[in-house]
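Residue numbers (our numbering), protein chains in the order written: chain W, 5 to 504; chain E, 84 to 269.
Calculated directly from the structure, the hints in this document are not laboratory data. Each residue gets a CB set at the ideal place from its N, CA and C atoms; glycine is no exception. Among the clues, some could well be false.
Unchecked claim - Distance windows between CB atoms, simulated:
1) W:W298 with E:G147: 46 to 56 Å
2) E:F178 with W:E205: 40 to 50 Å
3) W:L313 with E:F198: 19 to 29 Å
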Amino acid sequence: MELKLIRPELLTMTAQELRALYPILILVIGSLLAIVLSVIKLLSPKFSVFFTTVLVSVAAGLVALDFFGAPPVPLFNHMMVVDPFSTFFTVLFVGALLVSCLVSFRYLDREKIQHPEYYILMLFSVIGMILMASSLDLIVLFIALELMSLSVYVLVGFRRADRRSNEAAIKYFILGSVASAILLYGAAILYGCTGTMNLAEILPILSRSPEVQGPLFVVGMWLVVVGFLFKVASVPFHMWMPDIYEGAPTPVTGFMTSGIKAAAFATFLRVLFSLGYGKAMTEAIQVNVHDLLWVIAVATMVVGNLIALTQTNLKRMLAYSSIAHTGYLMIGLLSGHKSEFGYAPIAMYLVGYSIMNLGAFALLSMVGGREDHGLNLQDFSGLGKREPWLAFAMSVFLFSMAGVPPTAGFVSKYFLLYGAVQAGEVPLVVIAVLCSAVSVYYYLRVLVYMYMKDPVGAPSGSRHSLWAGAALTAMVVLTLQVGIMPARLFEMARVALASF
Amino acid sequence: MEISPIFFYLFSGLAIAFALMTVLKKNPVTSAFSLVMVFFCFAGIYAMLGAHLVAALQILVYAGAIMVLFIFVIMLVNADIPSLDLARSSLFLKFVAGALSLVLLASLVWVFHGFKQVIPAGPFTVAAIEKAGGNTQVVSEMLFSSYLLPFELTSILLLAAIIGAVALAKRQAPKSKLAIDRGVKR
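So here's chain W without its partners, still in its complex pose:
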């Protein structure tokens, strides 16, 4: 057989293909520009890099929104695809980048770590996330995952003078590398079983010859799944999360809880579907995957919520609540193929969850003192009197996380649980609702401190950053807007998930 390696269609690009690549190109060019700007002392790198990052993320977000709904465009020899699914998540990642940057500006000044590398690494990490969500090839997926993780490992340890930050970075680096290695090993085994690394080719192979799905395939699949379960922090693999959330600079924590979780879930969905979940999988494997994920979902919800009850540091509390939300998201994963909504509630939930968490962490980085002190429950005593607007914003986010109408958290959870009831997962829904009821206790406890306790200490009197204030206001508005008029976002989520 003749090998024909250089095919002309691999070396050219149509206008539509180039257009599909615009968001990534803008981000890559922006990050290169930021690197150059960061050494031009004449322009004051602090401002030039910050504004570049903000402009680049706005531009990339608008271009991606403009492209939303276009038919899928496979690129680079089917190594990646730009479809509504990846575009939907691109907008989410870029939004997380924008909010985190706006919040970081004053925060970095306060912590005396205002280095341009911070913004550059955030840009790189978002490029990794976008490529993860659009990858169709296990190699690209792995490199994109590493690009995202590597940048975030450094961001977590960015407060070098603080030992908690160092500890968090080392822990995250070691545990994250192990998870990546497990994922890589699984990918290698899947390649050995199916003979292809292309996700789009695995599904036809599985439905054509079901005998491929032997024990080796199952082992490979589970190793890949475990890698993702680590990244989304579901229960047996959640131990890393609280320490790292606490040690990381607060805006980075917000960035991680929205960006990394959404990226990991989006890629998880794509990989799981292409391994035949709900479609070509043999009955026995389908049942096995369903049952194990069921147990993991329940454990994640219960453990996350119960440990969150005992936390007094708000960052740690939100970390455990984030674990609990992973559990809710897994309900959507379990019930998607049997309900009329499909997997759309997951995308919807990820957006709602990202909005409220970005908001909450923006607020924490504004309220906290130097070296992230002053984020314990007592420090929030009387915040309603000292800073009425901040207290109001915090209440909106906490109500949203607890799932109280009319907030984004409520509608996302409503669609998710509605779909689960349709799919016949009633026990799961009952557990989820009970867990939500438990979670109301620790969310509302913050409200009690803010509004029903006497203020401690004198009002700080320090002015808040305009940028962070704008980001916070936008998040409050979005939380309420999605909560009151969810139809448009839900329609977008449906379009996004219909591209599978």
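Dock chain E against the given chain W, drawing on the hints supplied.
Leaving out everything else, chain E in the frame of chain W:
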């Protein structure tokens, strides 16, 4: 392609032994040199599979360049003091971890042993590669056509790694505090 079982078992056995040494030895320099040996054993296996280019690159890049860097770093930061106290972890945890690893090993052995399915040979047979100009040409042509995206993406990944390393290692943090921390540790 037939590969000699004696050399296969020799190289893989040595690779496993040195990999274990990498993990178990307390002295970082010993670990680093064991890792070099693991890379050499892998290079031997690649060469037996007919992937001579990969074997050569494995030795040049991994066993050569990267490991030299590793050892430089170990020497520079003077890390030959064992930082991890193995005796600190409880016997129970050690037992559980060992047992779970054995279970994983057993299941992997069982799974690989039971794998009887024949994978059809891909387009890259020895004859086809010979005809297309040999390993090096085929790899390089694929790198810039079919695998262009991962190739370019790797360069972004390396750039991010460099910037991350600079951000973490650049000395401009308040020095006094770092010095105090280090003083406490010693």
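A quick look at each hint next to the structure:
1. W:W298 with E:G147: 46 to 56 Å: holds, 49 Å
2. E:F178 with W:E205: 40 to 50 Å: holds, 43 Å
3. W:L313 with E:F198: 19 to 29 Å: violated, 47 Å
The structure fails to meet hint 3 from the earlier list, while all remaining hints are met.
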